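Trainee: Single-letter residue listing:
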Amino acid sequence: MTISAERPTEVESSPVSPVAIPEKRGWGSGWLSQHLGTAILGGFLGYIFGHWLGNYIASGYPYIANSGQNSVADLLALLFMVVGWLLGIGALNYPLAKMVGREAKSEVEYTGWSKYVRYNLDHKVVGLQYVVGVLLFFFTGGLLAMAIRTELLNPTTHVFSADTYIKIVSEHGTIMMMMATSVVVGPLGNYFVPLMIGARRMAFPRIEAFSFWTFLVGYAVIFSALPYGGFPTGWTGYAPLQTQAGPGMISYLFGFAIIGVGMMTAGFNIAITIVNYRAPGMTWSRVPVFVWGILSTAALLVLATPVLFSAGLFGILDKTVQTAFFVSEHGGSSYLWENLFWFFGHPEVYIMALPGFGIIGEIIPVFTRKPLFAYRIAAAGMIGVALLSFFVWQHHLFQSGIDPDMRPLFMLTTELISIPTGFIFLVGMGTLYRAKIRFEVPMLFCMAVYFNFLIGGISGVFLSDVPVNVTVHGGFFVLSHFHYTIMGGLIFAFFAGLYFWLPKMTGRTMNKKLGLWHFWTMFVFFNLTFFPMFIIGLLGQPRRVFTYAKNLQSWNDFSSVSAFLLGASFLIFIANLMWSLFIKPQKSPANPWDSLGLEWQTATPIPRHNFDRIPVIMNDPYHYSEVGAPALANFGDGGTVHSDSSTVSSDPVE
Amino acid sequence: MTSENPPKNDTNHLQRITVIWIIVSIIGDLLYWFLVGPHVPPGRMTSTAKGNQFDFNVLFIIAFPVLVGIWEYMLYAVINWRSKKEGVPESVGGPRAAENRKLQTSWIAITTVVVLLLAAYGTVEVIVGKGSGGGEGPNPIWQPTGAVKAETAALAGNGTWSPNSNEVLPVQVIAQQWKFTYRYPTFGGFESPYLILPNDTNIVFNVTSLDVIHSFWAYQLEVKADANPMENNVAFTKTEQLGSFEVRCSELCGIWHGAMFNSGQVLTPAAFMAWATKTEAANAVNTKDLPPFAWTYVPDANGSSGGYYPDGTVTPYSPVEVYGSKQPSS
Numbered sequence: 001m002t003i004s005a006e007r008p009t010e011v012e013s014s015p016v017s018p019v020a021i022p023e024k025r026g027w028g029s030g031w032l033s034q035h036l037g038t039a040i041l042g043g044f045l046g047y048i049f050g051h052w053l054g055n056y057i058a059s060g061y062p063y064i065a066n067s068g069q070n071s072v073a074d075l076l077a078l079l080f081m082v083v084g085w086l087l088g089i090g091a092l093n094y095p096l097a098k099m100v101g102r103e104a105k106s107e108v109e110y111t112g113w114s115k116y117v118r119y120n121l122d123h124k125v126v127g128l129q130y131v132v133g134v135l136l137f138f139f140t141g142g143l144l145a146m147a148i149r150t151e152l153l154n155p156t157t158h159v160f161s162a163d164t165y166i167k168i169v170s171e172h173g174t175i176m177m178m179m180a181t182s183v184v185v186g187p188l189g190n191y192f193v194p195l196m197i198g199a200r201r202m203a204f205p206r207i208e209a210f211s212f213w214t215f216l217v218g219y220a221v222i223f224s225a226l227p228y229g230g231f232p233t234g235w236t237g238y239a240p241l242q243t244q245a246g247p248g249m250i251s252y253l254f255g256f257a258i259i260g261v262g263m264m265t266a267g268f269n270i271a272i273t274i275v276n277y278r279a280p281g282m283t284w285s286r287v288p289v290f291v292w293g294i295l296s297t298a299a300l301l302v303l304a305t306p307v308l309f310s311a312g313l314f315g316i317l318d319k320t321v322q323t324a325f326f327v328s329e330h331g332g333s334s335y336l337w338e339n340l341f342w343f344f345g346h347p348e349v350y351i352m353a354l355p356g357f358g359i360i361g362e363i364i365p366v367f368t369r370k371p372l373f374a375y376r377i378a379a380a381g382m383i384g385v386a387l388l389s390f391f392v393w394q395h396h397l398f399q400s401g402i403d404p405d406m407r408p409l410f411m412l413t414t415e416l417i418s419i420p421t422g423f424i425f426l427v428g429m430g431t432l433y434r435a436k437i438r439f440e441v442p443m444l445f446c447m448a449v450y451f452n453f454l455i456g457g458i459s460g461v462f463l464s465d466v467p468v469n470v471t472v473h474g475g476f477f478v479l480s481h482f483h484y485t486i487m488g489g490l491i492f493a494f495f496a497g498l499y500f501w502l503p504k505m506t507g508r509t510m511n512k513k514l515g516l517w518h519f520w521t522m523f524v525f526f527n528l529t530f531f532p533m534f535i536i537g538l539l540g541q542p543r544r545v546f547t548y549a550k551n552l553q554s555w556n557d558f559s560s561v562s563a564f565l566l567g568a569s570f571l572i573f574i575a576n577l578m579w580s581l582f583i584k585p586q587k588s589p590a591n592p593w594d595s596l597g598l599e600w601q602t603a604t605p606i607p608r609h610n611f612d613r614i615p616v617i618m619n620d621p622y623h624y625s626e627v628g629a630p631a632l633a634n635f636g637d638g639g640t641v642h643s644d645s646s647t648v649s650s651d652p653v654e
Numbered sequence: 001m002t003s004e005n006p007p008k009n010d011t012n013h014l015q016r017i018t019v020i021w022i023i024v025s026i027i028g029d030l031l032y033w034f035l036v037g038p039h040v041p042p043g044r045m046t047s048t049a050k051g052n053q054f055d056f057n058v059l060f061i062i063a064f065p066v067l068v069g070i071w072e073y074m075l076y077a078v079i080n081w082r083s084k085k086e087g088v089p090e091s092v093g094g095p096r097a098a099e100n101r102k103l104q105t106s107w108i109a110i111t112t113v114v115v116l117l118l119a120a121y122g123t124v125e126v127i128v129g130k131g132s133g134g135g136e137g138p139n140p141i142w143q144p145t146g147a148v149k150a151e152t153a154a155l156a157g158n159g160t161w162s163p164n165s166n167e168v169l170p171v172q173v174i175a176q177q178w179k180f181t182y183r184y185p186t187f188g189g190f191e192s193p194y195l196i197l198p199n200d201t202n203i204v205f206n207v208t209s210l211d212v213i214h215s216f217w218a219y220q221l222e223v224k225a226d227a228n229p230m231e232n233n234v235a236f237t238k239t240e241q242l243g244s245f246e247v248r249c250s251e252l253c254g255i256w257h258g259a260m261f262n263s264g265q266v267l268t269p270a271a272f273m274a275w276a277t278k279t280e281a282a283n284a285v286n287t288k289d290l291p292p293f294a295w296t297y298v299p300d301a302n303g304s305s306g307g308y309y310p311d312g313t314v315t316p317y318s319p320v321e322v323y324g325s326k327q328p329s330s
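Chains as they are written, first to last, in the numbering used here: chain A, 1 to 654; chain B, 1 to 330.
These are calculated hints, taken from the structure and not from any lab test.
Here the structure is a predicted model, which is why all the values come from computation and not from measurement.
Just so you know, nobody snuck in bad clues.
Derived lysine-lysine pairs resembling BS3-like cross-links, with alpha carbons at most 25 Å apart:
| hint | chain 1 | residue 1 | chain 2 | residue 2 |
| --- | --- | --- | --- | --- |
| 1 | B | K278 | B | K179 |
| 2 | A | K587 | A | K512 |
| 3 | B | K179 | A | K550 |
| 4 | B | K278 | B | K288 |
| 5 | B | K84 | A | K513 |
| 6 | A | K512 | A | K584 |
| 7 | A | K513 | A | K584 |
| 8 | A | K512 | B | K84 |
| 9 | A | K105 | A | K115 |
The task is simple: from the sequences and hints, build the whole structure.
Mentor: Put into C-alpha cells, the structure is as follows:
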C-alpha cells in the first residue's frame, strides 16, 4: 500500500497545472512593485486626500462650521485611506483593468518570504497571512485587557481617567470581536478547507486575498479612533450615545463596515468553494466536520454581516450628514440600532463558536483513535445552531422595553439553541468513550474547550431565562459568560488548531514542553480570571465601570492578578513560536499526529496547486483503526491512503 | 485492528459513572439549595427579588447535574481511557463505535424535554412575577391589579396614595448623563434625587431617559429596565422589607457611566407618607419650574443651555417650529 508521505516528490516535479494559476515571474527586484510598503504609502496618501476632500466639500455647511468638527472629512479620510491601501497592495489592479475594458494581467506570484507581504492568491499564503493578522489583533486587544484589569485593581485609586478607561474598554471589545470573527475562518479555514475537500484552490482567489487585506486595514481604521479621541460606546456602539460621541465613533462605524466587507467576501468565497470545489466522491456525508463548521460559519458571515454594514451606514449618515435614524427626538429610534446590531450580533456570536466546534470535532478522533461519534449529529448540530441563531437576537434586549410578548418567545428560541449545542457535547463524549486518549497539546486544548464551553453554555441558560436575566443582564455575569464561550471556546479551539496544524503549515515541530506550559498556564489562569467574574456580577457590578463597590475589591484583585498571569501565558506561546519556528527549528514529521485527514496526505511543503491529481474520495476520514477499512482516497497515481491507522506513516519526509 | 485489552462490560463503565453522578448531583443540589440558595443575590427585599432568586436556584439545581455529569464523564475518560503507550498511537473502536442510534435519540429527546420545560417554567415565572421586575416597555401586559388605574390617574394629575390604601404607587425614574432622579406623580410631581419607597406596596417604575440609553438597576429591589429617550419603560415590583438599596446604571452611557449610581430606601408606609408630603411642600417652588409631568420628555437637541430637560409639550417635533429655518448647531 502506498502511503501518502512518500508521494511528495512526484507532486513537486509536476510540470503542468491544469488549473489557471498565476504564473511565477522572476522580473522586478520586488521592492519596486506592490507590497505592504506601497499599501501603507497608498493608505497614507489616501488619508490626506480624503481629509482634504472632506474639508473642501463640507466645511462650509453651517452645522459643521458651528461645531468645528468635520465628520465628513474624518469619514472620507478613512474611506480613501482604505482605497489607497487597496490600490497600494494591488487589490484593484485586476478589477480596474477589467473595468476599463482591458485584459487584466494576472498577479505575479513571488516566491520566498516576500510573498507574505503581497497580494497573493494562494490560499495557503493567505492562511498564514491571516495567522499573523489575527495574532496582531489578538495581542493588541489582550494588552488593552491588561489595562482594564489594572484599572480595576482598586475601586477608588485610578490609573486612567474615566475618559481613557472607556476608550480602552471600547477598543478592547471592538478589536477582539473583529479578531474573533476571523480567527479560525481566516487562518485555518482559508488554509485547510481546500486541502480537506480535495481542491486545488479557492473558488475566488482574488476575493480571498481581498478579504485578508480589508481585514488588515480594518486594524488601522479601528485604531484611528485613538488619535480621533476614542469612542465611548463599547463594542456594541449603542445609539444615541453613538450619535453624541466624537469623531472616534466614525472609526468604529467605518471600521466595522470595512471588517464587514472582509467578512462577507471571505464568507462567500469559502461557502462557494465548499459547495462547488469538493473533489469527486467528497459527498456531504464524507466532508470533514471542520469543513461543516466553516460552512455553517460562512453562511452566517454572508447572511448576518450585511445587516451590520447597513446599520453602520445609518450611523455614519447620522454623524456626517445629520440624518436621524437613531435620534428619537427627530423621528428616529434608539431601538433601531439595538435591533439591527443584535440581528447581526447574535449570529456573530455563533460565527465565534461554530469554527471552534469544527476544530474539536476534527481533532478529537485523531487523539482518541476512534471514529467521530455521530457524525451526522455533529453536522446537524452546527447547521441547527446556525439557523436558530437568526431567531434569538432580542434576548439581548429583554429589559430594554421591547414588546413584553416577545420575551417568552425569545426565551424559548434561545433555550432551543442549547439542543443543537448539546449535540456537540454528545459527539465529543461518544468519541471519548473507551478511547485510547493521547494527551498531546492540541488534545488538551480540545478538552479545555469542553470544560470552558460547558460553563459558558450553562451560564447562557441562566441569561436566557427572563426572570434571572433581570439579575444578570448588563453585569459582570454576562461578561464572564461570553468570555467563557468566545475565549474559553473559540480561542482555546484556535490554539488547538494552531498546535495541531502548524506542523503542516510550517513544516516545523512545535516544542511540546513549552506547549504544555502554555496550555496549563492559559487554562488555569483563564478560569481563575473569569470564574470570579460570575460572582462579581451576581454581587452587582455592572459592566464597563471604572469604579465599583468597595466590598468587591478582593474579588476584582484576584481576577486582575489572574488576568496578568493569563496574559503572561501568551508570552510562553510567543516564545514557543519563536523557538520552534526560528531559533531551533525542527523538521516536523509528515503526519505527526497520525491523522487520516486529507490535508495530511499532501506533501510538505504543500505544492502550489495542492494535489497533483484531484483525488477521488472513497470514504470519510474518521475510520480510525478498522480492520480492513476501505481506502480514504484514490490519488490517481496508483496510490491510495488506507484508513487503517497502522498504515499511516509517521516517518519524517526526507 | 481491534482493541488490545479485552473489552470490559460496557455497562460497567456507564453504571459506575451514573452512580457517581447521581450521588454527587444529589449531594451538591441539597447543599446548594439549603446553604447557598437563600443567600443568592439580590436577596429577598421585594416580590421580584424573591421570585427571581427562587428561579435562579431552580435553574442551578437543574444545571448542576448537567455540569457535574459532563465533567465527571470527561474526568472518567481522562483517567480510565488514556493511552498506555507513549508515542505510538493505539487504535480502538470500529464501525460500531461511530453510531449508537438509541443513545443519540435519547440524548436529543432528553435535552429537548429539559429545554422546553425550562422555557415553559420561565414563561410562567415571568407572568406570575408580573414581568419579574424587568422593563416591559410602554404597554405592559403582566401587571399588578390597580396598576392601570394608578397610572392613568397619575398622568391626569389626580392620583392619590396613602398608607393602607392598598393603592399602586407610580414612580418615574428619569435617567440622564450621569444621574438618576425620581418624580412622584401622586405627590404633585415633585422630583427627588433619592428613591424613597413605602414598604408592602406595589410600585410601578416608569423609566425614561433624557439623552442616551441608560439602564435603571435597583439592585436589591431586583428591578432592571433600560431608560430610552422618548420611551416609557415600565417595570413592577412589590416591596416586602425595610432597608436601603442601591441604584446603578447597567447600560454604558458614556464617560461617567461607572459613577452613575445612587441609593434609596424602603420606609414604612407612614414614614414614606410623611417624607413625601414634607418633600412635596418643600419642593413646591422648584416643582413649579419643572416641565409638566409626562411619561416621556423630548430631549433638547440643541442642548445649548445645558438643559436636557425641556418643556414636555414640544411634541410632535418640528424642526422649523423649534429652530426656524436654520439648522440646529449640535
